[in-house]
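Engineer: With the hints as your guide, set chain B onto chain A.
Number of protein chains: 2
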Amino acid sequence: MVIEGKAGGPSRAAPKGRKSRAAKSPAAQATAADGWELQKTQAVPPPSPAHSNRSGGGGASRRLPLLGGKSYPQKNAEILSSQYGLHLFLAGLLLMFAWAVHAAGIAKSAVFSYLITLMLLQLLWMAWYICRRYAQKRLIQDKDTHAGARWLKCGITLFAVITLIMDSFKIGYFVGFSSCLSITEGIFPVTHAVHTLLQVYFLWCHVKDIIQSFKTLERFGVIHSVFTNLLLWTNGVLTESKHQLNEHKERLITLGFGNISMELDDHAPYCNCTIPALCSIFSQGIYYLYPFNIEYHILASTMLYVLWKNIGRKVEHLQQSKTSFKFQGKTMGTILGLVVFSTTIAVVVVYLIQIGRSKIKSELALIMFYLYAITVLTLMCAAGIVALLIYRLEDKSLDASKNPARKLDADLLVGTASGSWLLSWGSILAIICAQSHPTYSWYNLPYSILVIIEKYIQNLFIIESIHREQERTNDDIKTLRILTVSNGSILSIAPSYKEIYNGTSDIESRELPHMFSGNSCLPESSGSSTLDEDKIQANTPITLSSSDFSIYNGNMMINNKRRILKNIAAFLFLCNLSLWIPPAFGCRPEYDNGLEEMVFGFEPWIIVVNLAMPFSIFYRMHSAASLFEVSCKI
Amino acid sequence: MVIEGKAGGPSRAAPKGRKSRAAKSPAAQATAADGWELQKTQAVPPPSPAHSNRSGGGGASRRLPLLGGKSYPQKNAEILSSQYGLHLFLAGLLLMFAWAVHAAGIAKSAVFSYLITLMLLQLLWMAWYICRRYAQKRLIQDKDTHAGARWLKCGITLFAVITLIMDSFKIGYFVGFSSCLSITEGIFPVTHAVHTLLQVYFLWCHVKDIIQSFKTLERFGVIHSVFTNLLLWTNGVLTESKHQLNEHKERLITLGFGNISMELDDHAPYCNCTIPALCSIFSQGIYYLYPFNIEYHILASTMLYVLWKNIGRKVEHLQQSKTSFKFQGKTMGTILGLVVFSTTIAVVVVYLIQIGRSKIKSELALIMFYLYAITVLTLMCAAGIVALLIYRLEDKSLDASKNPARKLDADLLVGTASGSWLLSWGSILAIICAQSHPTYSWYNLPYSILVIIEKYIQNLFIIESIHREQERTNDDIKTLRILTVSNGSILSIAPSYKEIYNGTSDIESRELPHMFSGNSCLPESSGSSTLDEDKIQANTPITLSSSDFSIYNGNMMINNKRRILKNIAAFLFLCNLSLWIPPAFGCRPEYDNGLEEMVFGFEPWIIVVNLAMPFSIFYRMHSAASLFEVSCKI
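So the sequence lines, in the order shown, correspond to chains A and B.
Going letter by letter, the first sequence gives residues 1 to 634 in full-length UniProt numbering.
Going letter by letter, the second sequence gives residues 1 to 634 in full-length UniProt numbering.
Chain A with its partners taken away, still in its complex shape:
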């Protein structure tokens, strides 16, 4: 099978080009006059290219190409808006960088002011968009069924709720220390809370939209939202990293490493809290809620990016593929996964209590963590290999249709995995080059290698899974077949086959023979494909021959394989969710290990960890989300 990553070929672009030119024909101008560029309402058939070229030559919109805006090529609008977004991001990034390195004259309030401005702008745009859509409700809108699955929306809502709690904590903290904190530290959480509320509403209602009106303007709005969320993510990551680094430095001070330059960042405000008990709860609580806030923003950012990619897109076949989660048939994987999940929480708690207490306790905590992680990663590798082997047994074609949501998923998996791969290669290099090796460093080597292998295999599995064509139709037929056979009565298979064959659409009927020959590990399956239409045309009841039994066996085999795949996906989902917890909540052996810091030097290694870790953490959440989708789909 030859599959290409990018979708949307010239055959698709050609009718689009015609369509937009058709919009300038006199018939369409009447509808376009009120400012809406309504593609759906146009009942005029697209004219032939020759005709449209000529009629397009002297149109009214042609005379005002600069004022109309509608004739602006969308490729340019894409570049214009993406460059605008990049600038927003780069300026914000540098502001945060300046703040992080204590640049002269740049305070935290500058960063906050910038973020508040961006959020307010996004709020304005979202409000405008929602109002306009509401006024325009009667129109049928294109929707991208692949974008913003319901469970993804539920996930983001959960994170948003926790983010709102965090915002209220921040407001409380500001009230407590209001006498010595900058006013922006109070305005920021308030704006952020409003922003979160409206954005979640926006994502629930409009993330599937395929925007066809005011395309150039909407591109700016959406890309602004994408990069605002990305900056809020960066801000969260930065605050969290500073906090983690401070904790690490405190531990090092406890352990007696005085030689490293130790200036603690992000200290408490220089005044007393009006309600001391609450302030301490707030400041502690905020850091436990940060990981969720970080995930919320990156998730919102990816969803908005898909919305941006979908602007002006023409969806050809709107297949409503509803995938609902069923616990059924995943018991084994789920139970194993839950065991891993609870063990992880226990390990993280023990680790956080033990680390930094004393040298021996720290070493024991590290060994415990490595042994636990090696076990889990080995299991995950094995599960991934089994899943890939099962896929290799059934030679199915992959779906290569255009799907921005899926393409982003695949790119993000490989891109964000690179973050943790960088850390792993750092550890491997450090172990090879170090002069002295503490005991626990030998556990670090298999751990680092396993991290690399596990993500390599898992990415292959997820990307192949999301590219496989769904077998819903096959499934329904199979259930019917199995019911027929397992009832024990000697029934003809031919009539039931024919009934479906004639009753269903052309596409579904084409998929039918595949079901009979779907299992390649059975030598008889090639025989089953000889079941030709003569048999069907005969329409006479036939008894169950050996070939029918082989079909039954084949179906059993397929069902078994699917059950294994389902369990593997459920297990991997829970494992990834588990492995998200340790780095997100401060269990970072890359800091505490000490070996890499010795080889690379404290500062260089800390820079590498702080740059790579956010991607590594996001990888786990993102792969968990993808695996959830896979487990629903199989």
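Nothing false has been slipped in among the hints.
If several chains are the same, the list does not tell them apart, and a pair holds so long as it fits within one copy or across any two.
Quick list of in silico lysine-lysine cross-link-like pairs, PhoX-like style, CA-CA up to 25 Å:
hint, residue 1, residue 2
1, K396, K314
2, K396, K561
3, K314, K407
4, K396, K215
5, K407, K215
6, K314, K215
Hints listed in this document are in silico derivations from the structure and should not be mistaken for laboratory results.
Structural biologist: Okay, now just chain B, sitting in the frame of chain A:
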């Protein structure tokens, strides 16, 4: 016009899926048996999906899906190989990082050994590929006409020749200091020279190939080459940055800034050269040749990446669009560009002589550079805006067909521009936040803003230009028309029109009316489009009416516009080439300015500059290459 970035839709993927399945049909297996997966030799028409599904069910290749390798889904092969490449790159990157931060136990020889291994592997793969292609010569191979234009090949050959000179310098340097240099420093340039020779040959002969056999294996070979070149680029950039930083530190020491920690890297070897005069020439010369070596590797890397993206691709219409460079009609732009080019060289020479001599001389050098850059950038902005306005006047549809080379070009333009945007935002932030402002810092502000605006506009211009459909056919007809009219004889335009109309293909004839209505700024042009087929059918000589004059005027207008565009492209090409020189050869006001270092701190700002500068430099060379293509195409 609705244009989508990615190409290759489901309508394309479907026949491909069929084709690969068809390869497993008994008819095709005979050809595939000898190990080649030859798509071109298959004369068997693609079977219907239903048929192929059934016949594919029991094929021989199905029984050995894991051993055959041919049935391996190409999406997986893509992910497998790209992840492999990423690992090569990340491991190499960390090795270099470790060397750069003086990690304990990691010497320069480790980096060299790694690079030598990668180059040898690539050499083996290239030799195997070239031999196999030679043996397989009789077969017609698919070619991507968009990939590897001839001028690009000429460019890379030029850089490769300079790289070979650099390698010989390095060998000479090694011979001189052989007593105290590691043996890897001698092996590296030798391997590199062989690698360069074979790679240039490989790129000349095979960069347009669309690989259809051994796809999974070839993917690994090509991606290995991509990342080997990228690592060699990184290595070059790192060496160059170290050298620049050392020069900067030396200048600072001369100016009396002793408070910054000054440890010079990359010192001369600890033994005497056997031929001192030559050694000094070699070590000096190497650093003047490095920028070309750096460009060579990044260019090779991008060309190989396009080859990788093309693996297994199915090209639908092979339009041989030969664009040859003509000096004609670009005189004005070229002359202006050459003036800029020679001024740049003069400015760089003066800058490098003056900077770091004394405080006043340094300031004068900076002011001179800023004033010069502001002038050039303003001119470039104006040129870009004029070009975009001309594009807006003619409402042409953009080509959205799949074209990996073009997509990469566009992505690289925006991606690498971000490097210099980051630096510009840093400067702007520093100017806003700095407590004290030396005179020259006020020139820095407009300079930084202009860098941002100029790249913003230029990217829009280039990306729109490379997406515009070529107007070659129109051009030929126009020349004919103008010749006819300008001869002064009162000739019929109808017969000449009809002659072409009947003689050319359907596609070309459809483009014809567009030519008459191509100019929208003329109100009469709408009238010219009423020139209907009745007139042509009449076939009787008619005299030149006012409408004919308007056509003549329209053509003149189009020609004028094209001449302006050509000149702009030529001018921008030379300007970009000019602006490549200052940062590549050590004229970096971001270092010498001092303001940013004061605000951000010396180390943080140096890190930002060293990370962003390579992309900023590459942007200029890449945009120059793209503008050359544009100036040939218009």
